[in-house]
Amino acid sequence: MYKTPDGKEIFVLDGHVHFWDASPENQANVHGKQFIDCFYAYHTNLSPEEQLWEKAKFEKYSEEDIYRDLFVDGPDDMAIIQTTVLRDFYKEGFGCLERSHEMAKRHPERFIVNGSFDPRDGEKALEYIHWMKETFDIKGVKMYTAEWNGGSKGWALNDPAAYKCFELCDKLGIRNIHVHKGPTIIPLSKDAFSVDDVDYAATDFQNLNWIVEHCGLPRLDDFCWIATQETNVYAGLAVAMPFIHSRPRYFGEVMAELLWWVGEDKILFGSDYAIWTPQWLVEKFWNYQIPEDISAERSGVQLTDAIKEKILGLNAAKLYDVDVEAMKTQLAGAPVQIAAE
Amino acid sequence: MFLATLKAECELEVWDCLSAVSDPELDEPITDMDFVQSVEVSEDLFVRVEFRLPTYWCSPNFAFLMAFGIRSEVMALPWVRGMTVHLQDHCLGDEVNDGVNSGRPFHEIFAESCGGAVLNEVVETFMAKAFDRRQEALLLALRAEGRSDAAITAMTLAALKRVRFTGPEELRQLPRYLELLAVKGLAPGGDAPAFPTWDGQRIAPDGLQAHMGRLRSTRINMEFNGALCRGLGATRYKEVAIGPEGPTLVDFIAGRVPPREATDAGR
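Chains as they are written, first to last, in our numbering: chain A, 1062 to 1402; chain E, 497 to 763.
Just to be clear, a hint being listed does not mean it is correct.
[Stated by the list, open to error] Keeping only pairs whose Cα atoms sit at most 25 Å apart, straight-line, the calculated SDA-like set for lysine to any residue is:
#: 1; chain 1: E; residue 1: 625; chain 2: A; residue 2: 1359
#: 2; chain 1: A; residue 1: 1214; chain 2: E; residue 2: 598
#: 3; chain 1: E; residue 1: 625; chain 2: A; residue 2: 1355
#: 4; chain 1: A; residue 1: 1094; chain 2: E; residue 2: 721
#: 5; chain 1: E; residue 1: 625; chain 2: A; residue 2: 1321
#: 6; chain 1: A; residue 1: 1214; chain 2: E; residue 2: 593
#: 7; chain 1: A; residue 1: 1214; chain 2: E; residue 2: 621
#: 8; chain 1: A; residue 1: 1345; chain 2: E; residue 2: 719
#: 9; chain 1: A; residue 1: 1152; chain 2: A; residue 2: 1191
#: 10; chain 1: A; residue 1: 1214; chain 2: E; residue 2: 615
#: 11; chain 1: A; residue 1: 1118; chain 2: E; residue 2: 727
#: 12; chain 1: A; residue 1: 1214; chain 2: E; residue 2: 618
#: 13; chain 1: A; residue 1: 1345; chain 2: E; residue 2: 716
#: 14; chain 1: E; residue 1: 625; chain 2: A; residue 2: 1266
#: 15; chain 1: A; residue 1: 1116; chain 2: E; residue 2: 729
#: 16; chain 1: A; residue 1: 1121; chain 2: A; residue 2: 1110
#: 17; chain 1: E; residue 1: 625; chain 2: E; residue 2: 695
#: 18; chain 1: A; residue 1: 1094; chain 2: E; residue 2: 530
#: 19; chain 1: E; residue 1: 625; chain 2: A; residue 2: 1308
#: 20; chain 1: A; residue 1: 1214; chain 2: E; residue 2: 591
#: 21; chain 1: A; residue 1: 1094; chain 2: E; residue 2: 585
#: 22; chain 1: E; residue 1: 625; chain 2: A; residue 2: 1282
#: 23; chain 1: E; residue 1: 503; chain 2: E; residue 2: 513
#: 24; chain 1: A; residue 1: 1214; chain 2: E; residue 2: 681
#: 25; chain 1: A; residue 1: 1214; chain 2: E; residue 2: 617
#: 26; chain 1: A; residue 1: 1152; chain 2: E; residue 2: 585
#: 27; chain 1: A; residue 1: 1200; chain 2: A; residue 2: 1385
#: 28; chain 1: A; residue 1: 1214; chain 2: E; residue 2: 605
#: 29; chain 1: A; residue 1: 1094; chain 2: E; residue 2: 589
#: 30; chain 1: A; residue 1: 1094; chain 2: A; residue 2: 1067
[Unchecked claim] Away from chain A, derived, C-beta distances all over 12 Å, residues of chain E:
#: 31; residue: 507
#: 32; residue: 526
#: 33; residue: 528
#: 34; residue: 574
#: 35; residue: 577
#: 36; residue: 578
#: 37; residue: 657
#: 38; residue: 660
#: 39; residue: 675
#: 40; residue: 683
For the record, the hints were derived by calculation from the structure and aren't laboratory data.
Glycine included, every Cβ here is placed at the ideal spot set by N, Cα and C.
Only chain A is shown next, with the shape it has when bound in the complex (with noise of 0.2 Å):
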């Protein structure tokens, strides 16, 4: 929950975050730990200095952390946490549905778990989708295209074995589908140019929903053309948010571009911790306004408080079937528990 200055409670879906293991034990080698390096670099490049944590706590952090940086010290009621698998880069994974939903049942009401799949695995890939389902009841999975398989660099949404996929998880009501869409930080070259096989597989799965995660970027202009031609694709803002510290200029752009092509109802705000913690993003979020020039080059669109309140959290609710008046009560019933230490 977000107060606001004047006293409004905001109810905060964290729709982007993770629960990982990167220690150097975990990693299995050089490229596991080039990975959480890049993360850390991300960490440290864009997050206001006293915010940074050190490298062997960001490497593993502990259920007490993720616990405490959420929902004690930070204003999300719910967060989303996306599965990371990598396992060629780490022994038991990056950030793995089994270790995440241990950790999150000390607190369900609290934590939403999305799975993963990787469809290169062929008729595996299809039972480990109704394993997930049958297991955990998962409501979405997190895609990440650019995952190295074997000889295998990447894959697209709209490969035959994915729609395969795609098509199960429509059948089992896996209904959202957040894509990783972001910095180039795999060598992928499919996925350094482009976000098309979302439109093909956007159009071709209408009952499925299409989150893109850190919004295209740096194909802003490619996602925004494909985001208006489909009702079924959203923006999500992970990587974007903290620019809203370092360079609030361009993220007054990037926002407006958003808010005037994707628009209002299909923004979701993600702090992909534990890179970076929701506290400090939301509160600048939500004194934030667009400069008035590049508001202007937009017909004037704004990030208005009733716009800010649908990006923090009502928009995912919706996709997520959350009834955020009926959470906002049990929540309330149910303070969040800090730990006697």
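Model the placement of chain E on the given structure of chain A, informed by the hints.
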């Protein structure tokens, strides 16, 4: 002594020519981005260039384009007898280095190593983006001077060359813009419109606003990359300036404080 002077001059000349190589995604010279790590010229006039990128994961397409760009610029210097390019700390560093130093044609190596991407298409894509960005800088400056959309869209190449720009960005981008116009043959002669689209179309006065909306999108994408790359590069290689008060806790956490011996040796 003569040899040392000659060597230093040759190395300077190499540094100068490397500013003609741009990061394709950012359209910024690799020397401005601090990607070039070292240049060495041997007594028998062989050149060795080392470069590095902001992350271990930077797209190999771009790494290849920059490596071959470095090679072709350096080899164009008349005195150079041979050269090698070395990309450091990159997930496909060996492939890039083997490729660029093998003497085989670039397009072959590129297609093999970059998932079948076609070199010309990739180059064309990035030239189009660079063109948009350079053109936008000039259009924004002309608008800021109070020129009408009709006057701007009617402006000829000769008239553009006579404009006295004052802002640093437009001064920087004008020669870069003219260069791309020439490379692509988009403004043949001084009477040709100075601001065609990359496809060679004229822009109507009432179409300028929409055209500039498109250019802005291109810039937003490129700036995202630029901001990330500069920041990540600085963080990765720990070159963030430490304030006059000396290192703070933040510098220690980020590992920016060099060992004392190294600092002293550098003085």
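Against the structure, the hints:
With a CA separation close to 21 Å, the supplied pair residue 625 of chain E and residue 1359 of chain A stays within the 25 Å bound. Of the supplied pair hints, the one linking residue 1214 of chain A and residue 598 of chain E holds, its CA atoms being roughly 24 Å apart against a limit of 25 Å. The suggested pairing of residue 625 of chain E with residue 1355 of chain A holds, with an alpha-carbon distance near 21 Å, which does not exceed 25 Å. For the hint pairing residue 1094 of chain A with residue 721 of chain E, the CA-to-CA distance comes to about 23 Å; that is within 25 Å, so the pair holds.
With a C-alpha separation of about 22 Å, the suggested pairing of residue 625 of chain E with residue 1321 of chain A holds against the 25 Å cut-off. Of the supplied pair hints, the one linking residue 1214 of chain A and residue 593 of chain E holds, its CA atoms being roughly 20 Å apart against a limit of 25 Å. Between the alpha carbons of residue 1214 of chain A and residue 621 of chain E the distance comes to roughly 22 Å, so the proposed pair stays at or under 25 Å and holds. With a CA separation close to 21 Å, the supplied pair residue 1345 of chain A and residue 719 of chain E stays within the 25 Å bound.
Simply put, residue 1152 of chain A and residue 1191 of chain A have alpha-carbon atoms about 24 Å apart, close enough for the 25 Å limit, and the pair holds. Our distance criterion of 25 Å between C-alpha atoms is met by residue 1214 of chain A and residue 615 of chain E, whose separation comes to about 19 Å. At most 25 Å may separate the alpha-carbon atoms for a hinted pair to count; residue 1118 of chain A and residue 727 of chain E meet this at roughly 22 Å. About 19 Å separates the Cα atoms of residue 1214 of chain A and residue 618 of chain E, which keeps this hinted pair within 25 Å; it holds.
Using a Cα cut-off of 25 Å, the hinted pair residue 1345 of chain A and residue 716 of chain E holds, with the two alpha carbons roughly 21 Å apart. Restraint check: the Cα-Cα separation between residue 625 of chain E and residue 1266 of chain A comes to about 32 Å, which exceeds 25 Å; the hinted pair is violated. This hinted pair checks out: residue 1116 of chain A and residue 729 of chain E have alpha carbons roughly 18 Å apart, not beyond 25 Å. A hinted pair counts as satisfied when its Cα atoms are at most 25 Å apart, and residue 1121 of chain A with residue 1110 of chain A qualifies at roughly 20 Å.
Taking the CA atoms of residue 625 of chain E and residue 695 of chain E, the gap is near 12 Å; set against the 25 Å cutoff, the hint holds. Restraint check: the Cα-Cα separation between residue 1094 of chain A and residue 530 of chain E comes to about 24 Å, which is no more than 25 Å; the hinted pair holds. Distance hint between residue 625 of chain E and residue 1308 of chain A is fulfilled; the C-alpha atoms sit about 22 Å from each other, no more than 25 Å. Our distance criterion of 25 Å between C-alpha atoms is met by residue 1214 of chain A and residue 591 of chain E, whose separation comes to about 15 Å.
Between the alpha carbons of residue 1094 of chain A and residue 585 of chain E the distance comes to roughly 12 Å, so the proposed pair stays at or under 25 Å and holds. For a cut-off of 25 Å, the pair hint linking residue 625 of chain E to residue 1282 of chain A stands: about 12 Å separates their Cα positions. Proposed proximity of residue 503 of chain E and residue 513 of chain E is supported: the alpha carbons are some 15 Å apart, at most 25 Å. For the proposed pair residue 1214 of chain A and residue 681 of chain E, the alpha carbon gap of about 38 Å is over 25 Å, so the pair is violated.
With a C-alpha separation of about 21 Å, the suggested pair residue 1214 of chain A and residue 617 of chain E falls inside the 25 Å cut-off, and the hint holds. For the hint linking residue 1152 of chain A to residue 585 of chain E, the alpha-carbon distance of about 23 Å falls within 25 Å, and the restraint holds. For the hint pairing residue 1200 of chain A with residue 1385 of chain A, the CA-to-CA distance comes to about 17 Å; that is within 25 Å, so the pair holds. For the hint pairing residue 1214 of chain A with residue 605 of chain E, the CA-to-CA distance comes to about 17 Å; that is within 25 Å, so the pair holds.
Of the pairs offered as hints, the one joining residue 1094 of chain A and residue 589 of chain E holds, with about 16 Å between alpha carbons and a cut-off of 25 Å not exceeded. At roughly 45 Å between alpha-carbon atoms, residue 1094 of chain A and residue 1067 of chain A are farther apart than 25 Å, so this suggested pair is violated. Distance check on residue 507 of chain E: its Cβ is at least 30 Å (rounded) from any Cβ of chain A, clearing the 12 Å threshold; non-interface status holds. At the 12 Å boundary, the C-beta of residue 526 of chain E stays outside the reach of chain A, the nearest C-beta of that chain being 17 Å off.
No Cβ of chain A approaches the Cβ of residue 528 of chain E within 12 Å, the least distance being about 18 Å, so the stated non-interface status holds. At roughly 35 Å from the closest C-beta of chain A, the C-beta of residue 574 of chain E stays outside 12 Å, upholding its exclusion from the interface. With a least CB separation of 33 Å from chain A, residue 577 of chain E remains clear of the 12 Å interface cut-off, as annotated. Residue 578 of chain E, annotated as away from the interface, keeps every beta carbon of chain A farther than 12 Å; the closest lies near 29 Å.
Distance check on residue 657 of chain E: its Cβ is at least 28 Å (rounded) from any Cβ of chain A, clearing the 12 Å threshold; non-interface status holds. In this structure residue 660 of chain E is separated from chain A by more than 12 Å, as the shortest Cβ-Cβ distance comes to about 25 Å. The Cβ of residue 675 of chain E lies farther than 12 Å from every Cβ of chain A, with a closest approach of about 24 Å, so its non-interface assignment holds. Every CB of chain A is more than 12 Å from the CB of residue 683 of chain E (nearest about 25 Å), matching its label as outside the interface.
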